[in-house]
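Novice: Listed here are the chains, written in short residue letters.
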Amino acid sequence: MSSPRSSSLLAWPATSSSRARRPAASQEERRRTALKRKIKENLTAYGLLCAALVVFALFSWYPIVRGVLLSFQQVDFVNAPTWVGFDNFTKLFEDPLFGVAWRNTLLFTGLALVFGFAVPFLTAVLLNELRHAKAFFRLAVYLPVMLPPVVTALMWKWFYDPGPGLFNSALGAVGLPGGQWLDSSSTAMLSLVFVSTWANMGSTTLIYLAALGTIPGELYEAAELDGAGLWKRLRHVTFPQTRFVLLVLLLLQVVATMQVFTEPYVMTGGGPDDSTVTVLLLLYRYAFVYNDFGSASAMSLLLFVALGVFSAWYVRLTRKADQS
Amino acid sequence: MRTLVSPGALRSPRGKVVYGVVFACTLLVFLLAFMFPLYWVVTGALKSPQELAQTPATLVPHEWHPETFADAWDQLSLGKYFLNTLIVAGGAWLAQLAIDVPAAFALSKLRPKFGNVVLGLMLATLMLPATALLVPTYVTVTDLPLLHLNLINSPAAVWLPAAANAFNIYLLKRFFDQIPDELIEAARIDGAGPVRTLWRIILPISRPILAVVSILAVVTAWKDFIWPLLVFPDTEKQTLSVMLQRVAIDMPLNVLVAGMVLASLPMVALFLAFQRQILAGLTAGSIKG
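Protein chains in written order, with our numbering: chain E, 1 to 324; chain W, 1001 to 1289.
Derived from the structure by calculation, the hints contain no laboratory data.
There's no promise every hint is true.
[Claimed, not checked] Here are the simulated lysine-lysine pairs, BS3-like style, with alpha carbons at most 30 Å apart:
1) E:Lys232 to W:Lys1016
2) W:Lys1016 to E:Lys36
3) W:Lys1109 to W:Lys1016
[Said to hold, decoys possible] Listed below are several chain W residues computed to face chain E (Cβ distance under 7 Å; list not exhaustive):
4) Arg1002
5) Gly1020
6) Pro1061
7) Trp1073
8) Leu1083
9) Leu1119
10) Thr1125
11) Pro1129
12) Val1135
13) Thr1137
14) Pro1161
15) Ile1179
16) Phe1274
17) Ala1280
[Stated by the list, open to error] Which stretches of chain E does chain W cover? Using the computed rule of at least three CB atoms under 8 Å from a CB of chain W, they are:
18) 85 to 94
19) 101 to 110
20) 164 to 176
21) 280 to 291
22) 297 to 303
Being a predicted model, the structure only gives us computed values, none of them experimental.
Where a beta carbon is used, it is the ideal one built from N, C-alpha and C, also for glycine.
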């Protein structure tokens, strides 16, 4: 480890040598060594950074530029890409599925917000009050998060099966009629939202639980002394105290659910009657079924702009609400 | 600790009853919602194909067929796909540690010129929805600029993009920032170079954050579906998730279900073993906004 060669290669810039120098060294010389040391320090730093710079350049920064360029190009991997202006976008707008995909995605996001936001929060508030089996609750709610999403999707597809599926068997056992679940265009999207909520609520619940744990107990005590009932304490202590986490997770959830892909791809393939075609599923089809990378990139760009505008608007809105 | 409900209210006779009822209901709902599906899947794999196709489904298997797991292992060539997934996830983990740790250390402790610009450019990528780069990154891995390499069907197509992870760099840098500079100064005076300081001093005290980053890396790679689906068109190279999805339609249900159980086991085991680190990673992630 301490061979002279390796230490000279990787030494902190100019330590031993500068210490060995006599104090009589001229100011000029000292400045020069300081400069040398600075250069060497920068070189080492960039040496350590170079691998990261290469992967970021290749797989983040370059694709960002390339994605924008691709949106305005026609690409077929045989001929050189040609500029087509806004043709890709026009093509998307003319595709009847385009509007359907956006409506479906917004529906998914809206429903996922209703369930995926309220259910984990209420669960967390409830779990925070329970004094027993805390470890079990935490483990149980998080377990689905650890399952590979494809397994979750396949598993629920089987549960939803109108024949020997779990749901219709259970409903039949108590004398209720079964549902069509994934096989009916009116319930398919809701069924997917249910799966997604089940699979992902563990992480949000535990984040809320952590936030609830930081609320000072005196606040509840003071509120109670002032005569605040359970609901008022929830409304005036719990909510304001977890506000920041709630707002951040809401934004993250919208951004995440707008990109839903695995559930519809594995469970319905977009059907029945295109009722579960999402933006990302259509994007996938454009790129990897029709081999139209230009239009697929245009679709990504639109999704990115939509989410960017939403995030900016949301952050501004919450900041304004904070100030007033 | 004092929460929404006061300890006094809980001690009253009425409070005790209400608490008991609420606790029992919650326990029941949790068992039904989260444990029962797992029970159903595991016992489903143990049923005979005829019993699985039966309506209504049976709660407890009439006949037990534990050999289905062995059949699934053989019929789905699970050994091969486990190995593929292990290579993909393990490589992604190593690449993230090997590339992101030195980068975060350099940005945090060596503070080079334009370091803040570099960090800013990295963190800016967190603003992008993950899927916005799906198509251009795919196009990039089919023909790497300058090198003209095609990474399709190579695990490097997962490893390298995984290393371009700004969130890891952010987590690591934030941890390194808290390590006092005096410690590093002391190492320097003792004649240790930056690489040795990183290896011998920083890494040993950074174990908690390295554990978090490692777990996040492995879990993310194991769970990922859409990217492996794109970059492994060769069925021999696919990961477990991609393979299961591909064969789902043609396989007998009991074999498929057994395969699903086996594919999930490593993650469940990992969770049971590393709960603390996983939950730490979760809350570390929650404050990124």
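Novice: If a hint holds in the structure, say so; if it does not, say that too.
Specialist: Evaluation of the provided hints:
At roughly 22 Å between alpha-carbon atoms, Lys232 (chain E) and Lys1016 (chain W) fall within 30 Å of each other, so this suggested pair holds. Distance hint between Lys1016 (chain W) and Lys36 (chain E) is unfulfilled; the C-alpha atoms sit about 73 Å from each other, more than 30 Å. Between Lys1109 (chain W) and Lys1016 (chain W) the CA atoms are separated by roughly 55 Å; this puts the pair beyond 30 Å, and the hint is violated. With 7 Å as the threshold, the beta carbon of Arg1002 (chain W) comes within range of chain E, its nearest partner Cβ sitting at about 3 Å, so the hint holds.
A least Cβ separation of about 10 Å between Gly1020 (chain W) and chain E goes past the 7 Å threshold, and the interface hint is therefore violated. Hint on Pro1061 (chain W) is violated. Least Cβ distance to chain E is approximately 13 Å, over the 7 Å limit. At its closest, the beta carbon of Trp1073 (chain W) sits 16 Å from a beta carbon of chain E; the interface hint therefore is violated under the 7 Å criterion. The beta carbon of Leu1083 (chain W) is not positioned within 7 Å of any beta carbon in chain E (closest approach about 16 Å), and the interface hint is therefore violated.
The restraint placing Leu1119 (chain W) at the interface with chain E is violated, with a minimum CB-CB distance near 10 Å, outside the 7 Å limit. Interface restraint check for Thr1125 (chain W): the shortest CB-CB distance to chain E comes to about 5 Å, inside 7 Å, so the restraint holds. For the restraint placing Pro1129 (chain W) at the interface with chain E, the shortest Cβ-Cβ distance is roughly 5 Å, inside the 7 Å limit, so the hint holds. At its closest, the beta carbon of Val1135 (chain W) sits 5 Å from a beta carbon of chain E; the interface hint therefore holds under the 7 Å criterion.
Annotation: interface hint on Thr1137 (chain W) holds; nearest CB of chain E at approximately 5 Å, less than 7 Å. Residue-level restraint check for Pro1161 (chain W) holds (minimum Cβ-Cβ distance to chain E is 4 Å; threshold 7 Å). Look at Ile1179 (chain W): its Cβ only gets to about 16 Å from chain E, farther than 7 Å, so that hint breaks. A cut of 7 Å between beta carbons decides the hint on Phe1274 (chain W): the least distance to chain E is about 10 Å, and the hint is violated.
Look at Ala1280 (chain W): its Cβ only gets to about 10 Å from chain E, farther than 7 Å, so that hint breaks. Using a Cβ-Cβ cut-off of 8 Å, 0 residues of the segment 85 to 94 of chain E lie near chain W, which falls short of the minimum of three, so the contact claim is violated. Under a criterion of three residues with beta carbons nearer than 8 Å to beta carbons of chain W, the stated coverage of the segment 101 to 110 of chain E fails, only 0 such residues being counted. Residues of the segment 164 to 176 of chain E lying with their CB closer than 8 Å to a CB of chain W number 7, which satisfies the three-residue condition for coverage.
Proximity of the segment 280 to 291 of chain E to chain W, defined as three or more residues with a beta carbon under 8 Å from a beta carbon of that chain, is established by the 5 residues found. Residues of the segment 297 to 303 of chain E lying with their CB closer than 8 Å to a CB of chain W number 4, which satisfies the three-residue condition for coverage.
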